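2 protein chains.
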Amino acid sequence: MFSSGPFEHHVVGIGNAIVDVLAKTDDAFLERHNLVKGSMTLIDAEAAQTLYGEMGPAREISGGSAANTIAGIATLGGKAAFIGKIASDELGEIFAHDIRSLGVKFDTLPSDVAGPTARSFVLVTPDAQRTMNTYLGASQALSPVDIEEVLIKSSLITYLEGYLWDPEDAKQAFVKAMDIARGAGRAVALTLSDSFCVNRYREEFVGLVENRINILFANEQEISALYQTENFEEAVKHITGKVELAILTRSEKGAVILSEDGRIDIPAKQVTVRDTTGAGDLYAAGFLYALTHGFALEKCGKLAALCASEVISHLGARPEADLKEFLKDLD
Amino acid sequence: MFSSGPFEHHVVGIGNAIVDVLAKTDDAFLERHNLVKGSMTLIDAEAAQTLYGEMGPAREISGGSAANTIAGIATLGGKAAFIGKIASDELGEIFAHDIRSLGVKFDTLPSDVAGPTARSFVLVTPDAQRTMNTYLGASQALSPVDIEEVLIKSSLITYLEGYLWDPEDAKQAFVKAMDIARGAGRAVALTLSDSFCVNRYREEFVGLVENRINILFANEQEISALYQTENFEEAVKHITGKVELAILTRSEKGAVILSEDGRIDIPAKQVTVRDTTGAGDLYAAGFLYALTHGFALEKCGKLAALCASEVISHLGARPEADLKEFLKDLD
Numbered sequence: 368m369f370s371s372g373p374f375e376h377h378v379v380g381i382g383n384a385i386v387d388v389l390a391k392t393d394d395a396f397l398e399r400h401n402l403v404k405g406s407m408t409l410i411d412a413e414a415a416q417t418l419y420g421e422m423g424p425a426r427e428i429s430g431g432s433a434a435n436t437i438a439g440i441a442t443l444g445g446k447a448a449f450i451g452k453i454a455s456d457e458l459g460e461i462f463a464h465d466i467r468s469l470g471v472k473f474d475t476l477p478s479d480v481a482g483p484t485a486r487s488f489v490l491v492t493p494d495a496q497r498t499m500n501t502y503l504g505a506s507q508a509l510s511p512v513d514i515e516e517v518l519i520k521s522s523l524i525t526y527l528e529g530y531l532w533d534p535e536d537a538k539q540a541f542v543k544a545m546d547i548a549r550g551a552g553r554a555v556a557l558t559l560s561d562s563f564c565v566n567r568y569r570e571e572f573v574g575l576v577e578n579r580i581n582i583l584f585a586n587e588q589e590i591s592a593l594y595q596t597e598n599f600e601e602a603v604k605h606i607t608g609k610v611e612l613a614i615l616t617r618s619e620k621g622a623v624i625l626s627e628d629g630r631i632d633i634p635a636k637q638v639t640v641r642d643t644t645g646a647g648d649l650y651a652a653g654f655l656y657a658l659t660h661g662f663a664l665e666k667c668g669k670l671a672a673l674c675a676s677e678v679i680s681h682l683g684a685r686p687e688a689d690l691k692e693f694l695k696d697l698d
Numbered sequence: 368m369f370s371s372g373p374f375e376h377h378v379v380g381i382g383n384a385i386v387d388v389l390a391k392t393d394d395a396f397l398e399r400h401n402l403v404k405g406s407m408t409l410i411d412a413e414a415a416q417t418l419y420g421e422m423g424p425a426r427e428i429s430g431g432s433a434a435n436t437i438a439g440i441a442t443l444g445g446k447a448a449f450i451g452k453i454a455s456d457e458l459g460e461i462f463a464h465d466i467r468s469l470g471v472k473f474d475t476l477p478s479d480v481a482g483p484t485a486r487s488f489v490l491v492t493p494d495a496q497r498t499m500n501t502y503l504g505a506s507q508a509l510s511p512v513d514i515e516e517v518l519i520k521s522s523l524i525t526y527l528e529g530y531l532w533d534p535e536d537a538k539q540a541f542v543k544a545m546d547i548a549r550g551a552g553r554a555v556a557l558t559l560s561d562s563f564c565v566n567r568y569r570e571e572f573v574g575l576v577e578n579r580i581n582i583l584f585a586n587e588q589e590i591s592a593l594y595q596t597e598n599f600e601e602a603v604k605h606i607t608g609k610v611e612l613a614i615l616t617r618s619e620k621g622a623v624i625l626s627e628d629g630r631i632d633i634p635a636k637q638v639t640v641r642d643t644t645g646a647g648d649l650y651a652a653g654f655l656y657a658l659t660h661g662f663a664l665e666k667c668g669k670l671a672a673l674c675a676s677e678v679i680s681h682l683g684a685r686p687e688a689d690l691k692e693f694l695k696d697l698d
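From first to last, the protein sequence lines are chains A and B.
Taking my numbering, I'd label the letters of the first sequence as residues 368 to 698.
Taking my numbering, I'd label the letters of the second sequence as residues 368 to 698.
The shape of chain A in the complex, shown without the other chains (with noise of 0.2 Å):
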C-alpha cells in the first residue's frame, strides 16, 4: 500500500489547527441555538462571540480532527508530524506547545491575515453526545505553500482531513499534499469527518475516494451519506473495492475493516463514554501507527478500538492516558 523506503515520520497529518473551547450544556440549550446533536457547524466571528457569551465555564484543550490523531500516534510513540494554520496569539501559543510538546514536528509558519487561532465551541450534553460550532479563523489561511514536498515525502502516509474542504486555500494545499504523496510511492488517507461535511462535498468526496486516496475512514453516518443510503450494509456494498483499505466505524457496534483480503468486523471496546469528542480522531490514530508499524489489520483495529476507548472516558478529545500501555495489551 505504501512504499516502505527510508523514512522520517510515520504518518503526516494536515488539518485545521483548533483549540476546543469544552463547555458542559443541557439539550435545552441546542435547542435555543438551533444547533444539530453531533454535527460541527461552521460559524463567523460574530456568531462565534454570541455563542460564547451564552455559553457555560470552558475548558480549553487543544483540538482538530487530524492534529488529535497525529497527537495520539505520537502518544503511542510513531514518529509524526503536522501542518495546520495558527495565528500568532495565545491560542495559537497553546496549540503549538500542546502538540509539540509531545514529540511532533509542526513548523507551518503562523499567519495572521485570516483571524485568530481556531477555536472549536464543543457542548457536551448529558448522553456525553458532543456538538461543535467552529470559527476557523487563522485555519482558512494554510495554503499550498505551507505543504512541504520533503515532509510529505519522508512520510509513510499522509493523513487529510475532510473538513480541510471548507476552506478554499486548504484544499488546494490538500490536492497538493496527496499528488506529492501518491507521486512519491506513499499512501493517502482521507477521514470523511462528518456527515454534514459530506453532504457538502458528496461528488467531490466520492472522486477523492474512489480514484485518489489509498484509506478511508469512514463512520456509519459519513459512509452512508457518501453513497446515499441508510442502510449500512448497502453502503459497504458501495463502497467494496473502491479503495484499497476502507475503516468504518460503528461507535459501540464496533468497526468493519475491508481490504483485498476481505471483511472483518471488529468489536467495539465496553467503556462508560463521557464525551465522544475525538472518538473517531483516535480511532484513526491507534488503527494508522499499527498499520505504519507492521500490526495485520485485525490487530490494528484492536489498538484502534483501545485509543477511541481511552478518549471517550474523560472530556477532551487528547488522549490523557499513557497509550503505550495498550501495545502491551495487544499482545
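Calculated directly from the structure, the hints in this document are not laboratory data.
Wrong hints could be hidden among the right ones.
[As the list claims (entries may be wrong)] Okay, derived cross-link-like pairs now, BS3-like style, lysine-lysine, Cα gap no bigger than 27 Å in a straight line:
| id | chain 1 | residue 1 | chain 2 | residue 2 |
| --- | --- | --- | --- | --- |
| 1 | A | K446 | B | K391 |
| 2 | A | K472 | B | K391 |
| 3 | B | K472 | A | K391 |
| 4 | B | K446 | A | K391 |
| 5 | B | K695 | A | K391 |
| 6 | A | K391 | B | K543 |
| 7 | A | K691 | B | K391 |
| 8 | A | K636 | B | K472 |
| 9 | B | K446 | B | K604 |
| 10 | B | K391 | A | K695 |
| 11 | A | K391 | B | K404 |
| 12 | B | K446 | B | K620 |
Everything numeric in this text was worked out from a predicted model, so none of it was measured.
We have chain A already, so just place chain B on it with the hints.
Coordinates of chain B only, in the frame set by chain A:
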C-alpha cells in the same frame, strides 16, 4: 460577625486573576526543575517560557484562588462578585467569560501595563498533588483604584487571598478593601493561601490575622507556618481567641472550626483524589455560602467538605458538578 443590613452580594472576592495551565507530570520532572511539591512559586516571564517549553501537553482552566472560591459560591447559587486584573488578551477573555458565565459580577478594567494575563503552570503528579508556578503578569497591576467602594459595602463578606500580598499594588488594594469592609460593618475573610506565602510575610500576616480580619481560612501547614510550630494542636492554641472565626483544614483529617462557641471537629469526606488543585478554595466556597445563608457552623463545615471533595475528584480547580445538589444532602 457581619452587618446583615441590605446587601447585593453574599461575598466579593479579591484575588489574582489567573488561568491555570494544567499538565500531568512525574516526580522526576519536579526534581529536574527544583520544584517543591505542593508549593506555589512565583516565576518571571522568562522562567515561564522555559517551564512551558519543557512541560507536556496541558489544558487551560480558569483558576486563581479567590476566583475559584467565588466561582464555587456562584455555582451553589450565591450572589458573588470578583475583583482582579486581567490583560486584554485571549487568556483574559477566557478568565472573564468563565467567571461571568456563572453570574458573577466581574467589572475590573483590564490592563496591559504589567504583561499578559496571569497563568499558573499547575503540575499534577501521580499522587494527585499539585505544584504551581505562577507568572503574575497583569495581576500585578491590581491597585486601590480597582476597589469599588460601593461593591465592597454591598457585600456581606469581603474575601481576600494571601497571595495578593505578593504584588505591591495589590497589597494596597487589599488594605483598602479591608478598611472599607470593616468601616461598613461587613466581615473580612482571609485565606493564608500557601505556607511559603506565609513564610514570606509572616509578621505582617500575624498582624492582619489577629487585628484586622474576622474570618480566617488556613490549612495545617499554613497555620503551623504562621505560628512557627510543627505541632497542629499548638498552632490551634495560638490562634484560639485571636480571630472571631478560624477554619483550619487538614486534608483527609478533616477540619477544625474555632469560634466564640468553642471548637468543632468536622471529618473529611472520603473520596478518590485525582488533583488537589482548588481543594482549599472550594472548601472556602462551601463555608462562606453556608455562613452567609445563616447555616450553623457545623453545617458550614459539612458543605465546605462536600464542595472540596468534588473539586479534588477531577483535574482543575473549578467545580464540574452542580454543587447545589450538596445543599439537598445536608438536610
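Checked hints:
Taking the CA atoms of A/K446 and B/K391, the gap is near 22 Å; set against the 27 Å cutoff, the hint holds. As the CA atoms of A/K472 and B/K391 are separated by approximately 21 Å, the hinted pair is consistent with the 27 Å bound. Between the alpha carbons of B/K472 and A/K391 the distance comes to roughly 22 Å, so the proposed pair stays at or under 27 Å and holds. For a cut-off of 27 Å, the pair hint linking B/K446 to A/K391 stands: about 22 Å separates their Cα positions.
Note on B/K695 and A/K391: the hinted pairing holds, with a Cα-Cα distance of about 22 Å set against a maximum of 27 Å. Between A/K391 and B/K543 the alpha-carbon distance is near 38 Å, which puts this suggested pair outside the 27 Å criterion. With a C-alpha separation of about 16 Å, the suggested pairing of A/K691 with B/K391 holds against the 27 Å cut-off. With a CA separation close to 45 Å, the supplied pair A/K636 and B/K472 exceeds the 27 Å bound.
Proximity of B/K446 to B/K604 is assessed by CA-CA distance (about 35 Å); at most 27 Å being required, the pair is judged violated. The suggested pairing of B/K391 with A/K695 holds, with an alpha-carbon distance near 22 Å, which does not exceed 27 Å. As the CA atoms of A/K391 and B/K404 are separated by approximately 32 Å, the hinted pair breaks the 27 Å bound. As the CA atoms of B/K446 and B/K620 are separated by approximately 31 Å, the hinted pair breaks the 27 Å bound.
In summary, the numbered hints that this structure violates are 6, 8, 9, 11 and 12.
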